[in-house]
Amino acid sequence: MLIYSMGVSVDGFINDRAGRFDWTDLTEEQFRFHISQVGELGTYLCGRRLYETMLVWETDPAMRSNELDATFADIWCALPKIVFSRTLDSVQGNARLAKASVAEEIAAALGATDKDVSIGGANLAAEAIGLDLVDELRIFRNPVVVGGGTPFLPPIAETLPLDLIETRTFGSRVVFERYRRARGGSD
Numbered sequence: 367m368l369i370y371s372m373g374v375s376v377d378g379f380i381n382d383r384a385g386r387f388d389w390t391d392l393t394e395e396q397f398r399f400h401i402s403q404v405g406e407l408g409t410y411l412c413g414r415r416l417y418e419t420m421l422v423w424e425t426d427p428a429m430r431s432n433e434l435d436a437t438f439a440d441i442w443c444a445l446p447k448i449v450f451s452r453t454l455d456s457v458q459g460n461a462r463l464a465k466a467s468v469a470e471e472i473a474a475a476l477g478a479t480d481k482d483v484s485i486g487g488a489n490l491a492a493e494a495i496g497l498d499l500v501d502e503l504r505i506f507r508n509p510v511v512v513g514g515g516t517p518f519l520p521p522i523a524e525t526l527p528l529d530l531i532e533t534r535t536f537g538s539r540v541v542f543e544r545y546r547r548a549r550g551g552s553d
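Counted from 1, the sequence shown has number 430 at position 64 by the numbering used here; the numbering is strictly sequential.
No wet-lab data here; the hints were simulated from the structure.
Everything numeric in this text was worked out from a predicted model, so none of it was measured.
Beta carbons are placed, not taken as given, at the ideal position from N, Cα and C, and that holds for glycine.
Check before you lean on any hint, since a few could be wrong.
[As the list claims (entries may be wrong)] FRET-style restraints, in silico, Cβ to Cβ: (1) Glu406 / Leu530: 33 to 41 Å; (2) Thr393 / Leu530: 43 to 51 Å; (3) Glu433 / Asp529: 31 to 39 Å; (4) Val541 / Asp482: 33 to 41 Å; (5) Leu528 / Glu406: 25 to 33 Å; (6) Arg398 / Met420: 28 to 36 Å; (7) Glu395 / Glu470: 15 to 23 Å; (8) Lys481 / Phe397: 17 to 25 Å.
Construct all of the structure, not just a fragment, from the sequences and the given hints.
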């Protein structure tokens with residue numbers, strides 16, 4: 367299963383107009399939940415900006431300053447990553463640059479593991495959604511309206527029916543929403 371999971375504002379943006387996401391409120395409760403979810407993945411596909419943001423978990427020993435951070439760093443470092451970039455010549459850590467199309471890389475990643483695969487980065491996920499390849503959306507909706515920025519979901523040409531399969535409200539008031547594609551059937 368291919369999963370697209372990100373933190374968003376109430377109005378659906380993954381970062382604000384200045385490209386910041388410091389309004390996300392990652393509490394210990396949410397971090398433990400996130401660690402559990404990432405630990406269940408077989409591969410992570412990401413765009414260049416997300417790869418560069420997350421690289422610190424593989425390269426900076428200061429990111430292991432406490433037990434939770436060390437646990438996440440261990441999981442993240444062990445997780446194979448495929449990076450989609452037009453500008454990078456090389457990547458570090460447990461990552462490789464994508465060599466094939468998004469569809470081909472997704473098919474190969476899903477075929478290489480019996481675990482779920484996650485895709486991150488709005489532009490990359492938008493391409494996968496446009497190719498009808500994303501099976502599940504996981505949204506961490508933060509209680510803030512930012513008024514603009516990078517949208518979680520791209521404009522689409524056709525209706526995308528979903529089934530809400532899980533919700534959870536964290537003590538921080540962040541709401542986790544998990545949707546699965548409603549495949550088959552008709553109206």
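Distance restraint evaluation - Arg398, Met420, Cβ atoms, bounds 28 to 36 Å: Between Arg398 and Met420, where Cβ atoms are some 18 Å apart, the hint is violated.
task: Check the following: the C-beta atoms of Glu406 and Leu530 are separated by a distance inside 33 to 41 Å.
output: violated (20 Å)
- request: Could you check the hint for me, namely that Val541 and Asp482 are 33 to 41 Å apart, CB to CB?
  value: With a Cβ separation near 21 Å, Val541 and Asp482 fall outside 33 to 41 Å, so the hint is violated.
- prompt: Do the beta carbons of Glu433 and Asp529 sit within 31 to 39 Å of each other?
  reply: holds (36 Å)
message: Taking 25 to 33 Å as the stated bounds, is the beta-carbon spacing between Leu528 and Glu406 within them?
response: For Leu528 and Glu406 the Cβ distance comes to about 21 Å; the hint is violated.
field: Consistency of beta-carbon spacing, Leu530 to Thr393, with hint 43 to 51 Å
entry: The hint (43 to 51 Å, Cβ to Cβ) is violated, given that Thr393 and Leu530 are roughly 23 Å apart.
- prompt: Do the beta carbons of Lys481 and Phe397 sit within 17 to 25 Å of each other?
  reply: holds (21 Å)
- request: Return holds or violated for the Cβ distance of Glu395 and Glu470 against the range 15 to 23 Å.
  value: Cβ of Glu395 to Cβ of Glu470: about 38 Å, so the range 15 to 23 Å is violated.
Violation of the numbered hints given earlier is confined to hints 1, 2, 4, 5, 6 and 7; the remaining hints are satisfied by the structure.
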